[in-house]
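If you read the protein sequences in the order shown, they are chains A and B. Residue numbers for the first sequence follow this note's numbering, so the first one is 15 and each next one is one higher. Residue numbers for the second sequence follow this note's numbering, so the first one is 15 and each next one is one higher.
You may find that some hints are simply not true.
Identical chains blur together in the list; that is why a pair holds if it fits in one copy or across any two.
[What the hints assert, rightly or not] Taking lysine-lysine pairs in the BS3-like style, the calculated list, with each CA pair at most 27 Å apart, reads: (1) 238 with 116; (2) 235 with 116; (3) 31 with 144; (4) 211 with 19; (5) 140 with 20; (6) 116 with 240; (7) 40 with 231; (8) 140 with 165; (9) 22 with 116; (10) 144 with 19; (11) 40 with 20.
No wet-lab data here; the hints were simulated from the structure. Since the structure is predicted, the reported quantities are computational estimates derived from the model, not experimental observations.
2 protein chains.
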Amino acid sequence: MYDIKKWKHVFKLDPAKMINDEDLDKICMSETDAIIIGGTDNVTEDNVIQLMSRVRRYPLPLVLEISNLESTMPGFDFYFVPMVLNSPDVTYQNGILLEALKEYGHMMDFDEVIFQGYLVLNPDSKVAVKTQAQTNLETEDIEAYALMTDKVYRFPIMYIEYSGTFGDMEKVRAAKETLEEAHVFYGGGISSINDAKAAAEVADTIVVGNLVYEDVKQALKTVKIKEKS
Amino acid sequence: MYDIKKWKHVFKLDPAKMINDEDLDKICMSETDAIIIGGTDNVTEDNVIQLMSRVRRYPLPLVLEISNLESTMPGFDFYFVPMVLNSPDVTYQNGILLEALKEYGHMMDFDEVIFQGYLVLNPDSKVAVKTQAQTNLETEDIEAYALMTDKVYRFPIMYIEYSGTFGDMEKVRAAKETLEEAHVFYGGGISSINDAKAAAEVADTIVVGNLVYEDVKQALKTVKIKEKS
Numbered sequence: 015m016y017d018i019k020k021w022k023h024v025f026k027l028d029p030a031k032m033i034n035d036e037d038l039d040k041i042c043m044s045e046t047d048a049i050i051i052g053g054t055d056n057v058t059e060d061n062v063i064q065l066m067s068r069v070r071r072y073p074l075p076l077v078l079e080i081s082n083l084e085s086t087m088p089g090f091d092f093y094f095v096p097m098v099l100n101s102p103d104v105t106y107q108n109g110i111l112l113e114a115l116k117e118y119g120h121m122m123d124f125d126e127v128i129f130q131g132y133l134v135l136n137p138d139s140k141v142a143v144k145t146q147a148q149t150n151l152e153t154e155d156i157e158a159y160a161l162m163t164d165k166v167y168r169f170p171i172m173y174i175e176y177s178g179t180f181g182d183m184e185k186v187r188a189a190k191e192t193l194e195e196a197h198v199f200y201g202g203g204i205s206s207i208n209d210a211k212a213a214a215e216v217a218d219t220i221v222v223g224n225l226v227y228e229d230v231k232q233a234l235k236t237v238k239i240k241e242k243s
Numbered sequence: 015m016y017d018i019k020k021w022k023h024v025f026k027l028d029p030a031k032m033i034n035d036e037d038l039d040k041i042c043m044s045e046t047d048a049i050i051i052g053g054t055d056n057v058t059e060d061n062v063i064q065l066m067s068r069v070r071r072y073p074l075p076l077v078l079e080i081s082n083l084e085s086t087m088p089g090f091d092f093y094f095v096p097m098v099l100n101s102p103d104v105t106y107q108n109g110i111l112l113e114a115l116k117e118y119g120h121m122m123d124f125d126e127v128i129f130q131g132y133l134v135l136n137p138d139s140k141v142a143v144k145t146q147a148q149t150n151l152e153t154e155d156i157e158a159y160a161l162m163t164d165k166v167y168r169f170p171i172m173y174i175e176y177s178g179t180f181g182d183m184e185k186v187r188a189a190k191e192t193l194e195e196a197h198v199f200y201g202g203g204i205s206s207i208n209d210a211k212a213a214a215e216v217a218d219t220i221v222v223g224n225l226v227y228e229d230v231k232q233a234l235k236t237v238k239i240k241e242k243s
């Protein structure tokens with residue numbers, strides 16, 4: 015069984031975006047710890063199957079970040095379920111999940127399903143608009159969400175998502191320092207090895223997403239953050 | 015340390031209601047397993063302190079069910095925090111809690127704080143109106159909420175609340191049979207030993223509340239459900 019707590023670096027691939035075989039090969043043959051398949055818009059059963067079958071040829075852990083029920087399918091090592099704690103709409107906290115439990119709960123393997131205390135912090139991101147996330151958070155709010163993740167819900171992961179912009183590492187640090195158990199994932203705006211290093215100094219795991227599509231060479235370089243450890 | 019999982023019967027006392035010393039003595043000297051202090055309306059720091067100090071003379075576990083921050087205080091053995099899973103308003107799922115974590119999180123002892131997957135099922139109850147709880151639930155909804163309590167949030171207790179009316183024991187049974195870990199509390203409309211027996215056959219712990227104020231003799235009789243075990 016793969017140990018998520020050992021992951022330092024992961025790539026997130028968007029099933030709605032195109033990636034050629036050569037780039038995908040480089041990404042999957044890099045020293046990254048895992049691949050997450052996930053996106054916000056136009057995630058369908060069809061494009062998830064396509065991408066999964068291409069990535070499955072490589073011997074590394076494969077995660078599906080659930081974005082909707084239609085595109086959720088067997089065949090992944092883990093399923094990440096974002097519980098958007100700073101959304102005022104219960105739909106994104108546990109409403110979609112409730113529907114999933116009603117329909118598939120009896121056949122779900124909860125050892126593969128990783129619930130995440132998820133904070134959406136870039137107000138301009140699609141996911142922030144969709145979830146109406148309250149992104150204007152002070153350090154004390156971040157700490158309260160970290161306690162909620164750790165002590166109330168006991169989720170194994172807190173995911174800090176700044177999709178589209180490089181985040182405030184002091185906020186990430188506040189979460190990291192408050193958490194006693196949960197592991198911190200950071201994603202958003204990592205566009206160079208320097209960003210990657212800055213994020214990896216604070217978060218347990220960094221997630222490199224858009225850069226794969228914008229500049230695959232730079233994306234591959236971010237894996238170097240692992241060399242220090 | 016008290017073991018909540020061994021509790022079969024508890025009395026819930028409302029700090030906003032009057033109870034004379036004689037009746038309180040009988041309640042506290044009965045074979046009940048614990049006293050919960052909690053209510054929906056007019057719960058204040060003052061009336062909670064009053065009632066706590068009166069019950070504290072007796073050597074049995076004392077729980078505060080949190081209804082608002084103003085009336086929350088040290089001195090209890092446990093704090094029950096209802097997370098109303100069938101409320102569409104995040105306020106009652108974790109919003110009030112978030113404020114509490116912001117203000118008091120750094121000094122909370124999480125060993126004393128028991129988070130509960132709470133379902134409010136009597137549409138006419140004050141708590142249902144206040145939380146806008148979606149009470150019209152089918153068995154499959156109850157099962158999904160039970161999975162959410164057990165497998166997603168891993169709360170130790172699922173609390174099924176029918177305040178003011180005796181509930182549908184088949185719904186309680188559906189929860190009980192779905193849960194692998196969490197303990198089922200049932201409260202609502204227990205007005206005789208027969209009701210108490212019916213509820214105790216399905217739930218792990220029954221909560222007798224209003225009956226204390228309506229007919230203390232009948233209330234005391236409900237403790238007899240413990241004799242079987």
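(request) Hints the structure violates: just list their numbers, smallest first. (result) 1, 2, 5, 6, 8, 9 and 10
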